[in-house]
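K.L.:
Note that the protein sequences, when read in sequence, are chains A and B. Using the working numbering, the first residue of the first sequence is number 6, and each one after it goes up by one. Using the working numbering, the first residue of the second sequence is number 6, and each one after it goes up by one.
Think of the hints as simulated: they come from the structure by calculation, not from any bench. There could be a bad hint or two in this list.
A pair holds if it fits inside one copy or across any two, identical chains being indistinguishable in the list.
What the hints assert, rightly or not - Here are the computed lysine-lysine pairs in the BS3-like style, where the Cα-Cα straight-line distance is at most 30 Å:
#1 Lys248 x Lys58
#2 Lys58 x Lys159
#3 Lys116 x Lys252
#4 Lys111 x Lys249
#5 Lys116 x Lys258
#6 Lys159 x Lys258
#7 Lys111 x Lys252
Spelled out from the first residue to the last, the chains are:
Protein chains: 2
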Amino acid sequence: MMHVVAEETDLLGEARRIAAGVDRLFEDALADRCDGRDRLCQAMRHAGIGGGKRLRPLLTVAAARLFGIDEDRALRAGSAIEAIHVYSLIHDDLPCMDDDDLRRGKPTVHKAYDEATAVLAGDCFHALAFELLADEATHEDPFVRSELVVELAKASGLDGMGGGQAMDLAAEGEFLDLAAITRLQQLKTGALIEYAVEAAVIMGRVAEDGRAPYRGYARNVGLAFQIADDLLDHEGDESAAGKKLHKDADAGKATFVSLLGPERARLQADMLVTQAIEHLHGHGEEAELLRAIARYAVERDR
Amino acid sequence: MMHVVAEETDLLGEARRIAAGVDRLFEDALADRCDGRDRLCQAMRHAGIGGGKRLRPLLTVAAARLFGIDEDRALRAGSAIEAIHVYSLIHDDLPCMDDDDLRRGKPTVHKAYDEATAVLAGDCFHALAFELLADEATHEDPFVRSELVVELAKASGLDGMGGGQAMDLAAEGEFLDLAAITRLQQLKTGALIEYAVEAAVIMGRVAEDGRAPYRGYARNVGLAFQIADDLLDHEGDESAAGKKLHKDADAGKATFVSLLGPERARLQADMLVTQAIEHLHGHGEEAELLRAIARYAVERDR
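Here chain A stands alone, though its shape is the one from the complex:
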């Protein structure tokens, strides 16, 4: 048990350090422009600074350690991915989407400001992601930067997160089986989590035929996090989560938990974490943070 506690403490320390780095980058990018854009800048800071697990930048920085990538550069790429995540949360929370009032323990952007500002704040986070990513401060090699951009656009657009959200809208009132739910989640949340690891693989110039283990790790971790989210949604505490829970059940939507039941869902998540860690067997100490993140996926709800 002491071993687990020590690892968890280390993970939390790393996570806090990386979250602070993301906050600093966003603060630099979102300083007030005093010409009528102040409200938009404030809304973006409200949504983007000082909250969230920062799972995606954490994954990028952790994976970057495998390839000896400079941490500041990995943090910059990770912050670009977080900017995409933040934009998607702002738009998801809109009245015409999930209509949520609470996010990360604070009022959502359209509640604290207004809907038009929320649409624009999301759009400007979207642009900020690509501005951060394609800058030479992210990587000295422009080939690498271009690949980072193309793959992020794919992971967030019609064949990634955006397409997954459309599948989710289309699924309302429909019965989805386990294969369909897995596919939906792989696009809706998996694609961006997988990209967070892929970004480090791209920055590390890993050849195509050497990328499979990292993709396997990322896919397993992404799915484990989703199952854990479903378990939290099923069993959890709204004030601890800082957002509305039981939404899927209220909407009659199938989830991993509704299809498998909580016990089998938990077993499935455990198995995914074991597989994720197995993909890292070629690495030693330098993969310890990635292993800790995988374990955290299933431990956080216990």
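Please arrange chain B on chain A, whose structure you already have, making use of the hints.
P.N.:
Frame of chain A, contents of chain B only:
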């Protein structure tokens, strides 16, 4: 007069050819995914294919002629810019923004589909822009592709189009003078029009100290188009425009026309076009399409 007619015919022919090229690229990117994303793909085709002046790709292709850039590559970059323009129109038309029912003579996306689909369709066009732009089919040099991405992100985000829209929201009920309106329009619509020319300048690897004339041209043309839009809004015919007009006057917003009056506004637009063409004095025949576009800016409303 014959001379003008001949040039106009040529411009319209070029514009039609380029619009067809944009449509083809969007059709390839937006083929139905038969897995719950069909509605989103249809909504994106509804918004993106078969409409609009395609001014931005036209400017990119026209400017590319100055530097001997392959037209297919310029068209690809121009289509990326058009994807940004299309996303901004979809989001602008939303009930929480301008609340428009009609765009390019068709129902707006949230009217023809629903609001959630409109938010996602805009977001997916946004991602598509960067996917198209950063691909090596756009330019063989990854340095060029990275610069294209960074500058498009700037032109469309907080310090460009998105920021300009926020200034426009903040200006409701406020009096703006000519300097403030010029600044607002320079961000809201000017930045992306200027980028359409800048993209060709970047692809042509024009050194920083040689870029001023093209930026001058683009800035003048962007402002001339905006004044012409204000004149159309003031005097024009809704069925010909294919969208709601007189919105600014109805909302009590200052425009170039309300501040200058229609006659001085028209003189100002003429002067901007003369200046735009003057910036191209170092070029001959190869700049003829750019000159025709500048003249069209003020001729289309007569």
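K.L.:
Run the structure past the numbered hints and jot down the numbers of the failing ones, going up.
P.N.:
none
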